[in-house]
Every structure is written in structure tokens, then in C-alpha cells.
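*Asks:* Chain by chain, the residues run as shown.
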Amino acid sequence: MISFLNQPELPELDEIDHALIRATQTGLPLSPTPYGDIALGLGLGPDEVEQRLQRLLDVGVIRRIGIIPNHYRLGYRANGMSVWDIDDKTVDAMGEMIGKLDFVSHCYRRPRHLPDWPFNLFAMVHGTTRETVESKVEDIRNRLGGNVRDHRILYSNRILKKTGLRWRKSGEKKCCG
Amino acid sequence: MNKLERDLINNMQGGFPICAHPFQVLAERLGYDEQTVIDGVKRLIADGYVSRFGPLYNTERLGGAVTLAAIAVPPDRFDEVAEQVNACEEVAHNYAREDVLNMWFVILAEDEEALQDVIKRIENTTGLGVLSFPKEQEYFLELHLEVPEK
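Heads up: the sequence lines are chains A and B, in that order.
Using this note's numbering, count along the first sequence one by one with no gaps and you end on 179.
Using this note's numbering, count along the second sequence one by one with no gaps and you end on 153.
Derived lysine-lysine pairs resembling DSBU-like cross-links, with alpha carbons at most 30 angstroms apart:
#1 Lys123(B) / Lys138(B)
#2 Lys45(B) / Lys164(A)
#3 Lys138(B) / Lys102(A)
#4 Lys102(A) / Lys91(A)
Read the hints as simulated data drawn from the structure, not as lab findings.
Model the full assembly from the supplied sequences, consistent with the hints where possible.
*Replies:* In C-alpha cells, the structure reads:
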């Protein structure tokens, strides 16, 4: 997948795109013609819905279309956020390598918070048990070799909140706190 | 979980066709009929194996600002602080993790200014410091989770 983070310019979205995003962000209808159903609801032609969604996918506004699995329910009970302190000069090369591993679901470079938090590479590892997560993290360690100064695994022991994206246009924002 | 359900989970995490009859196209590719695939996805959602079916949007590309944030919460205040953090509509996910930094959450805001505002508000409400870890580079290629072997 291409990373869009280094492309500062955002794709232009018009009112119809916004309406389409709002109509699909919680899911597509489970019918033989999901895009046609969405089109009907928005008063658009089915071709237009398909073309717009294809464009949103092409410009990276949509990452992918499909099912979002529930890791925990599928038996991946152990969720370890592995964090690594890697030299700034090699972190991107290491990140590319680790991100390609099939047991790593997300891999990001993030800022350090020195002195307490020296870690700049985050790789999420899922396993059926903590032992499997640990052996996968050991595999990452071996691949990183001398590039690792320090690392840690932060296991999650509780999901405190989980909501999907609820994106609104400007002016529809509500406040917290 | 039966073979159909495994096939759906292993083959539907991306690339769902954009066309008039996408389930028909997918069903032919996997060797099932259309209604079997539709019913299979419905069942996976009903049984909780799948949380959602549809497009996965990239908030940053929508012009929003996102960060992963963490707080070192004193254990005796954990539930109270979780409630305060979760009360923010901009907090999408929140996980308890085993570390000094024991609360990790994702904040989605309209723009960078709004994001900093949320962080300040959480700091004021909880009286605790919030560390922010915005993504600087993304390396993951694609999420592909195989159904684990029994």
C-alpha cells in the first residue's frame, strides 16, 4: 500500500462525496446491489456512486473495502504493542521491513518522549496467546539485529472504548469534557 | 466456524469489488453462489467475528487530525480517568495496557487545533499529563488476518 502521509495536499471532496462518506462510514448494505442501494438512498445513479467510491479509494480516502474482523473473537486473545528504540537513520528501512511481516497489523514511526520514552517504532502484534506474541516479537528482534537499542511489549488487558469513525463536516462538531 | 466463514474472513479483508453485483463477482471467484456469500457475511457479523462490512476510511485523508495518546494513570484512579477520557466524543478507541503508561487512546479531531484542544481538555479534566504520539510515518502494507488454526 502506498503511504499518503508525505502527500500534504488533500483530495478535494464535494458535497456529494461528503454525503456518500456519511452514508457508508458505518457499513454497506448486505444486499446483492449494495452500491445501488446507497445510490437510491442518496438520489444518485448507481454508476456515480461506484465512480466516486473508486476515486476515493484511488486517492487514499478509503483504505480498503471489505470486512473488518474482530481479532479477539477470532481467537487472537493476545494483543501486544511492541515498541522499539531504533536509530533515526535506519528507522524507516527497519519499519518497511517489519511492516511487511504478516503477523504485524500496523507499523508506525512515532515521536519519542525523552527521557522516559525512547521508543520511535510501534508494531502491533496479534497472537492467540502471549507466548505466540512473544515469539513473534523475538522474531522481529532478530530481524532488527544491531539496530535495536531497547524494546518493550505493552499488552492490552482491557478495551475501555471502541467506536468506529464518526466523521462529520465542519460545524457539526460536538464538544467533550 | 465453517469453511465458508473461513474463506470469507481470509478473502474479504480488502478488494471488495466496486460494480453493480459485487457479491456475485466475489462469489464466483470463491466458488460459492451470491446469496450464500451474503448470508455468510451476515452471520459473521451476527456472531461477532466481523465488526463491520464496508469502506474503511482514512481520517487523515479526510482532512482530520489523529493521534495516539497515553496517560500514566495512578491505579486507584483508573476507572474514574477512563470515564473522563471516554466521555470525549473525539476519543475513538481506548485500551488499558500493562505499563507505567497504562491508558492508550486514539483521538480523532477535525483539525490539528481541535486535536490540541482535546488534549488540553483531557489534561484539565483529569489533572494528568497526556503524551501524544502522532504518526510520523506509516509502514503497514495491508492488514491481513488469517483465521488461526485450531
